[in-house]
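J.: What follows is each chain in one-letter form.
2 protein chains.
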Amino acid sequence: MFEMLYKRYGSALDNEMRRIVASQPNQPPDFGTMLGYSLGWVDAEGAPYHQATGKRIRPLLLLLCAESTDGNWHSALPAAAAVEILHNFSLIHDDIQDDSPIRHNRPTVWKVWGTANAINAGDALFTLAYSALEGQTASVTPQVALELWRIFNHTALELTRGQHLDMRFEHQASVTVDEYIEMISGKTAALLAACAQMGGLIGSGDSTRAAHFAEFGLNLGIAFQMQDDILGIWGDPGVTGKSAATDILSRKKSFPVLFGLERSERLQAIYRRESFGDADVKESVAELDAIGAQEAAYQSEQHYYQLASAALDRAHPRGDSAKWLRQLIEELFKRTH
Amino acid sequence: MFEMLYKRYGSALDNEMRRIVASQPNQPPDFGTMLGYSLGWVDAEGAPYHQATGKRIRPLLLLLCAESTDGNWHSALPAAAAVEILHNFSLIHDDIQDDSPIRHNRPTVWKVWGTANAINAGDALFTLAYSALEGQTASVTPQVALELWRIFNHTALELTRGQHLDMRFEHQASVTVDEYIEMISGKTAALLAACAQMGGLIGSGDSTRAAHFAEFGLNLGIAFQMQDDILGIWGDPGVTGKSAATDILSRKKSFPVLFGLERSERLQAIYRRESFGDADVKESVAELDAIGAQEAAYQSEQHYYQLASAALDRAHPRGDSAKWLRQLIEELFKRTH
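Chains X and L are the protein sequences, given in the same order. Sequence positions in the first sequence follow our numbering and run 381 to 717. Sequence positions in the second sequence follow our numbering and run 381 to 717.
Derived from the structure by calculation, the hints contain no laboratory data. Honestly, I wouldn't trust all of these hints.
You can't tell identical chains apart in this list, so a pair holds if it fits in one copy or across any two.
[Claimed, not checked] Only pairs whose alpha carbons sit at most 20 Å apart, straight line, appear in this in silico EDC-like list of lysine to aspartate or glutamate:
1. Lys491 with Asp479
2. Lys633 with Asp658
3. Lys632 with Glu663
4. Lys632 with Asp616
5. Lys632 with Glu654
6. Lys633 with Glu550
7. Lys633 with Glu562
8. Lys491 with Asp478
9. Lys435 with Asp423
My request is simple: use the sequences and hints to build the entire structure.
T.: Written out as C-alpha cells, the structure reads:
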C-alpha cells in the first residue's frame, strides 16, 4: 500500500523537501551534507545516494487524507514536507540519546560527525520543518495557516514529552500499561494524528472534520505500535527481518511485557536476573503465553484499530483515496492475523 | 540600564514565561523541573530558586522596541517570552556541545541529568518557544502573526547555522575576519535583530519600520560581540570578573586574534605552539598591541555601533523608550572606552 502511495506522491514530496532543505542560501556545504545525509539524499561525503532510507509513511498519510477530502493533494505538499523533516529531526536526536550506531543500514549522524554536530543538525531540521510549514501559508487562509501552526507546535511538544517518558521508563522500577500508552501516544501516535489532521484540514478547511482525522491518526498510531510490540516477541523472523523475540532479549518494556509484569511474579523474577540469555528469553515467552499476554495485546490492538476505523468514518473521506485509507487499516491489521 | 528595564518589564515577562512553560497539562514533574531549572526558577530538586540566572536582555530589548513605537509593551509579552525561551534552548544544547559544566554558577542541565535528557529538555524549550509565540496571535492581525512566525523561523535557522560555523572554526586551520563576522551574525546578532524587529512589528504593524529595527538589532549584536572580544583580551579583570586575557589563554578565535593571525607570522607561530602558558599569553598580547589589533577592533566595534544608531534613527522610536534605546547604545559602547 505504501509502495503505491509512494509512487503516487513520492517524487513531488521529495522535490518539496529538497526545495526547503537543500536550497537554503549561504548554507555551508558540510552543513548541507549532514542534513542531506540524514534525509537519505547523499552519502557522508556529499555524493548522491540512491538507496531507500525512509518509507515516508507520515507525509504519505497526510497527502492521502488531504486528497480524500477534496481530491487535490498537491496543495498539501508543504505540510507533508514539514512532518517528514520533523520526523527526521527526532530520529537524529533519538539516535544520540539511545546511543544507536546504525539506522537504515548506515552509520547514524552522530557516528559520522560526532554528537555536537548531530545535535545541531537535528536542531536545524527542527527549524526547517517549521520553514517547510511556512510555505503552506500560500495555499490556505491565514486562519487555517495559524491552526496548522498550532497543531504542529502541540505535536512537537508531544514528541518531546513522549521521548522524556520513554527515557524515564528505562530507569523506572515499574511501568503501568496506562503509562505506556501515554508514552507511545506522544512518541509515536501524536505525529500520525497530526498528519491525518493537517491533511484533512488543508483539504477541507473544516476544523471539526479535521479533528475526526486526528482521532483516526492517533488510534492508528497506537494500534500500529501495539502490533510492532507483538511482532517484536512473536513475529516470524523470516518476515520481520529481526531475530525471534528480539524485544525480550533486550528486555524492552513493550505492551505484552508490561501486561505480563503487572500480572506474573514469575516474569518479574525472570526480568530481575542479572544476566539474561536465550534460556531466559524462552522462559519469558512461555510465561507470557501462559498468562495470555499475546491475546491481550491482540485485543488491545484491535480495540485501537476499531477506534481508528470509526473515527475515519466520521471524517467522511471520499473517492479512491477513501478506499485506500480503509485498505491501509486492513493491511496493517493483517500483519499480525 | 538593563536593571531599570528589568524592574519595568521583568515580572510581567516572568509571569508570561511561567504560564507557557510551567503550566503544560500532563507534564511529568521531573520534566518540568529540568525546564524550570534551565530558566532559573527551581533548583535540581524542583525547589524554588531565588538567585538571578539570566539577564533577560533579549526579551527586554523586544519589549523596549515595542514600547518605543506605540507606548504599549504588554501586548508584546508572548513574543518576548518566545525569544527568551528560544535563547535558553540554545544555551542547553551549546553547553552539551561545548562540554561546559557550569552556567550561571550552577551545574549545566547535562551535568545534572545527563546528555540524553538535556538534548530533550532543549528540544522541549525549542517547541515551547513556538508555543509562546503562538500566544501572540491574539493581539495582532493574522498577517502580522504569520510574519512573526517567518521571522522566528529564519532566526532559529540562523542560530543553528552560526553554531555550525562556530564548531567548524575550532578545527579549521585558518578563519578569516569575514567568516567570523558571518558566524557571529548568526550565533549572536540574529536573535537580537529578531527581538528588535518583532518588537517593532508588534508595536507598529509596519514591516518596513520593523526592518529598520532589525538592522538596528543586528548591528548592535555584532558590535556587542566585538566589545566582548576586546574585553576578553584587554578587559580589566576587576570589572569583567574573568582572569586577564582569558580569551588568549584558551586560544579563542575572537576578532582581534583573527585580525592578528591574518597579519602577523609571529602570532601564527606562537599560536602553533603545542603547550601554551602565561608567557605565551604575554607574548601574544604584546604582538597584538604592536600590530594595532586593539585599535582595529575598536574601529570595527564603532563602525557597527554607528550602523546600529543610524538604523535606529530610521526606525523612528518615540517617547521615553526611544531615549532609553539610545542610552542603551551609549552605555554599551562606554564599556570599552
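J.: Each hint should be assessed against the structure and marked as holding or not.
T.: Tested hints:
1. Taking identical chains as interchangeable, the C-alpha atoms of Lys491 and Asp479 lie at most 20 Å apart whether they share a chain (9 Å) or sit on different chains (18 Å).
2. For the homomeric pair Lys633 and Asp658, the shortest alpha-carbon distance inside one copy (18 Å) is at most 20 Å, but the shortest distance between copies (55 Å) is not.
3. Proximity of Lys632 to Glu663 under the C-alpha cut-off of 20 Å is restricted to the intra-copy arrangement: shortest distance 16 Å within a copy versus 59 Å between copies.
4. Taking the closest pair of Cα atoms, Lys632 and Asp616 come within 20 Å of each other only inside a single copy of the chain (18 Å); across copies the shortest separation is 57 Å, beyond that limit.
5. When the C-alpha separation of Lys632 and Glu654 is checked against a cutoff of 20 Å, the pair qualifies only within one copy, where the shortest distance is 15 Å, while the shortest distance between copies is 48 Å.
6. For the identical chains of this complex, Lys633 and Glu550 are intra-copy neighbours only, at 8 Å inside a copy versus 41 Å across copies, given an alpha-carbon limit of 20 Å.
7. In this homomeric assembly, Lys633 and Glu562 come within 20 Å of each other (Cα to Cα) only inside a single copy, at 13 Å, whereas the closest approach across copies is 47 Å.
8. With identical chains, the CA atoms of Lys491 and Asp478 are at most 20 Å apart both within one copy (12 Å) and between copies (18 Å).
9. For a Cα distance limit of 20 Å, the shortest separation of Lys435 from Asp423 inside one copy, 18 Å, qualifies, whereas the shortest one across copies, 43 Å, does not.
Of the numbered hints given earlier, the model fails none.
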